[in-house]
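For the record, the sequence lines run as chains A and B.
In this text, residue positions in the first sequence follow our numbering: the first is 1, and each later residue adds one.
In this text, residue positions in the second sequence follow our numbering: the first is 185, and each later residue adds one.
Calculated directly from the structure, the hints in this document are not laboratory data.
Heads up, some of the hints might be wrong.
What the hints assert, rightly or not - As a list, the in silico EDC-like pairs of lysine to aspartate or glutamate whose alpha-carbon atoms are at most 16 Å apart:
1. 311(B) / 253(B)
2. 127(A) / 313(B)
3. 124(A) / 7(A)
4. 311(B) / 129(A)
5. 308(B) / 291(B)
6. 198(B) / 340(B)
As the list claims (entries may be wrong) - Which stretches of chain B does chain A cover? Using the computed rule of at least three CB atoms under 8 Å from a CB of chain A, they are:
7. 219 to 232
8. 315 to 323
9. 329 to 340
Unchecked claim - Which chain A residues face chain B? A few, computed with CB under 7 Å, are given here:
10. 16
11. 19
12. 21
13. 23
14. 49
15. 60
16. 77
17. 151
Model, not experiment: these values are computed from the prediction.
A virtual CB, placed ideally from N, CA and C, is assigned to each residue, including glycine.
There are 2 protein chains.
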Amino acid sequence: MQTLPDDPLAAQTKLALRRLASSVAVVTCHDGHSRHAMTATAVNALSMQPPSMIVCVNRAAAFHAAINDAARFAINILHRNHVDISMGCGGKARGEERFEFGAWGEDTGVPVLTDAQARIVCAKEAKFDYGSHSIFIGRVVSIGMHGEIDPLIYIDGRYTCLPADQSVATAAQVEIEMLRQIAM
Amino acid sequence: MQTLPDDPLAAQTKLALRRLASSVAVVTCHDGHSRHAMTATAVNALSMQPPSMIVCVNRAAAFHAAINDAARFAINILHRNHVDISMGCGGKARGEERFEFGAWGEDTGVPVLTDAQARIVCAKEAKFDYGSHSIFIGRVVSIGMHGEIDPLIYIDGRYTCLPADQSVATAAQVEIEMLRQIAM
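Looking at chain A on its own, in the form it has when it is part of the complex (with noise of 0.2 Å):
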């Protein structure tokens, strides 16, 4: 079933996903011959029975193939700090390119991104087709996680992250009530 472009339900779906937030995340896989990345917003847990996750990948995207002939992927959670590797991945960059901004590592053969907020490596179990999409379904192999929690989010088509600490608002606060009581 085709859509086109100025189908009006396409339009009034896509502005009401703006309003979606979702992590950022970039899909790895190596394919036997050479490694790929794609940046993705569509990636969610599945279930606990087994550990897995899911990742919706248009059936036009390069990635697709990729994907298609691996046994693995991994699901890397993007940092506030990874703006760049976001938008390379995102199409800025091609192929190889796309790796060579981050401090990109590998595990059990999968190219994983070592400072991500997390590295969800999957064993591919799945592949359901629908519509221009293929859901991949992969139960989860191997776990890494990095730093502080703060991913970065993608809301109304641009990129932003989590409120700063609480800990920062309350001092601001602080510091408005000490300054009120020696100004007034």
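Guided by the hints, dock chain B onto chain A, whose structure is given.
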């Protein structure tokens, strides 16, 4: 495949997933007898050809039988002020009680939260089972949006929201500077 609660990989996966920020949504349906609602973070866009969404639901959840019998479902993306609705539909309330809090209406026979950030009504088109969960695929049939973009976000086991408007931070800074000048 069963995973014991003390499976170290499941425990690590849970820790890693605390680092994945998500919008909070309430998924709703009418199964022909009554209306049902369940809080979910495993909700995502799937395709724009056709406009479609996915929702992952635990087969052990009461909501699973309801969405399984329903022809349509709605994804209601919560606003930062909807924490009570998230908690009610996340387990505190049961059945019809879940609709006691919030401005509920209906759209093409499906319960919708009229002041949700966005409400996305879908015709159920496919279901795929994996592990403990089912992935439901819905083709978008109706969209509603409400208010400024300010979604409720779940991260690290707690609720939060996007950082306040820059103008608020700027206003606090201006007040601090002004008070400093008066006080010093």
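To see whether the hints hold, each was checked on the structure:
1. 311(B) / 253(B): OK: residue 311(B) and residue 253(B) at ~12 Å, within 16 Å.
2. 127(A) / 313(B): Holds, because 11 Å separates the two Cα atoms, which is no more than 16 Å.
3. 124(A) / 7(A): violated (34 Å)
4. 311(B) / 129(A): holds (11 Å)
5. 308(B) / 291(B): Answer holds: residue 308(B) to residue 291(B) is near 15 Å, not above 16 Å.
6. 198(B) / 340(B): Since the Cα atoms of residue 198(B) and residue 340(B) sit roughly 10 Å apart, the hinted pair holds (cutoff 16 Å).
7. 219 to 232: Check passed, 8 qualifying residues.
8. 315 to 323: That given contact holds, which follows from 5 residues of the segment 315 to 323 of chain B lying within Cβ reach (below 8 Å) of chain A.
9. 329 to 340: Per the Cβ count (6), the hint holds.
10. 16: holds (4 Å)
11. 19: With Cβ-Cβ at 4 Å, under 7 Å, it holds.
12. 21: holds (5 Å)
13. 23: Given a least distance of 5 Å, the restraint on residue 23(A) holds.
14. 49: With a closest approach of 4 Å, the residue 49(A) hint holds.
15. 60: violated (9 Å)
16. 77: Where the cut-off is 7 Å and the nearest Cβ of chain B is about 5 Å from residue 77(A), the hint holds.
17. 151: holds (5 Å)
Hint compliance for this structure: hints 3 and 15 are not met, and every other hint is.
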